[in-house]
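**Q** When you line the sequence shown up against the working numbering, it's residues 1 to 208, in that order.
By construction, these hints were calculated from the structure, which means they are not laboratory data.
Be aware that a few hints might be false.
Simulated pairs of lysine-lysine, BS3-like, Cα-Cα distance not exceeding 25 Å [to be verified]:
1) Lys-29 with Lys-17
2) Lys-29 with Lys-194
3) Lys-29 with Lys-107
4) Lys-31 with Lys-194
5) Lys-33 with Lys-17
6) Lys-152 with Lys-17
7) Lys-107 with Lys-132
8) Lys-29 with Lys-152
9) Lys-107 with Lys-80
10) Lys-152 with Lys-132
11) Lys-152 with Lys-80
12) Lys-107 with Lys-31
13) Lys-107 with Lys-152
14) Lys-132 with Lys-33
15) Lys-188 with Lys-31
16) Lys-17 with Lys-132
17) Lys-80 with Lys-31
18) Lys-33 with Lys-80
19) Lys-80 with Lys-17
20) Lys-152 with Lys-188
21) Lys-31 with Lys-17
22) Lys-17 with Lys-194
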Amino acid sequence: MTDGPSSSVFNHPFAGKIDDLMLSLNVAKGKVKRGPQGRILPILLDVRGSICLQVEGATSKYNPRMRFYTLACATLLLEKVLGLTPEMICIIVPYLAELENIRQSLKGGLRNIRLVDIETATADSFQGWEAKVVLWTMVSAENTGPGFVKDKERICVSITRHTDYFITIGDSRVCGNKLLEGTATLRKLFDWFKAHDRVIEMGGQELS
């Protein structure tokens with residue numbers, strides 16, 4: 001994630017605009033803090049309580065509630081951030097079923113905003129590529145557990161593909177209360193968001 005000397009807002013003008021927008025949202029006011037010394041820090045949209053579903057007869061998964069917030073977030077950025085275009089945004093997902101669902105949703109657009117040109121990819125297929133803005137929707141939720149979202153290599157790819165801004169749409173309770181094997185990296189990621197006060201708890205609220 002972007003958190004160092006190169007993450008200065010002066011080096012990433014889009015990031016500064018997006019950060020101003022995210023911190024101005026009603027759901028974020030008084031809860032989310034700016035990074036230290038003007039640094040750009042990623043944000044987590046915490047969609048606790050969402051239900052992750054599995055494709056019948058297959059292992060692939062999808063999450064309608066996280067998809068809703070992912071599309072709402074992309075639409076908000078394109079509406080409010082001057083100069084940002086769909087081609088500058090990539091949505092990364094872990095499961096092919098959700099990838100197809102998101103691609104179908106993007107074709108329809110939202111609030112008269114053209115979304116179809118937004119890049120979409122799995123962590124595996126986007127390795128080696130970059131986008132100015134990355135939205136990573138985890139799909140997995142507390143009701144299913146993390147699945148292969150906990151995979152360290154996939155996490156590394158997902159959180160390092162942005163040049164300007166990174167937003168995670170996930171469920172902070174996805175790992176549950178038990179110390180499941182292989183979840184250390186994912187737990188550390190959620191702990192990082194909390195420690196830096198970069199969590200927007202959605203709780204069914206609108207992204208406004």
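**Q** If a hint holds in the structure, say so; if it does not, say that too.
**A** Evaluation of the provided hints:
1. Lys-29 with Lys-17: The hint holds at about 16 Å.
2. Lys-29 with Lys-194: 15 Å, holds
3. Lys-29 with Lys-107: Given pair Lys-29, Lys-107 is violated - Cα atoms ~32 Å apart, limit 25 Å.
4. Lys-31 with Lys-194: Distance of about 11 Å is within 25 Å: holds.
5. Lys-33 with Lys-17: 15 Å, holds
6. Lys-152 with Lys-17: 30 Å, violated
7. Lys-107 with Lys-132: 21 Å, holds
8. Lys-29 with Lys-152: Violated, at about 32 Å.
9. Lys-107 with Lys-80: 20 Å, holds
10. Lys-152 with Lys-132: Measuring from Cα to Cα gives roughly 23 Å; hence the hint holds.
11. Lys-152 with Lys-80: It is violated: about 34 Å lies between the C-alpha atoms, which goes past 25 Å.
12. Lys-107 with Lys-31: Distance of about 34 Å is beyond 25 Å: violated.
13. Lys-107 with Lys-152: 32 Å, violated
14. Lys-132 with Lys-33: 22 Å, holds
15. Lys-188 with Lys-31: 20 Å, holds
16. Lys-17 with Lys-132: 13 Å, holds
17. Lys-80 with Lys-31: Roughly 21 Å separates the two Cα atoms, so the pair holds.
18. Lys-33 with Lys-80: Given that 25 Å is the threshold and the Cα spacing comes to 20 Å, the pair holds.
19. Lys-80 with Lys-17: At roughly 9 Å apart (the allowed maximum being 25 Å), Lys-17 and Lys-80 satisfy the hint.
20. Lys-152 with Lys-188: 11 Å, holds
21. Lys-31 with Lys-17: Between Lys-31 and Lys-17 the Cα gap is close to 19 Å, so the pair holds against 25 Å.
22. Lys-17 with Lys-194: It holds: about 22 Å lies between the C-alpha atoms, which stays within 25 Å.
Checked against the numbered hints above, the structure violates hints 3, 6, 8, 11, 12 and 13; every other hint is satisfied.
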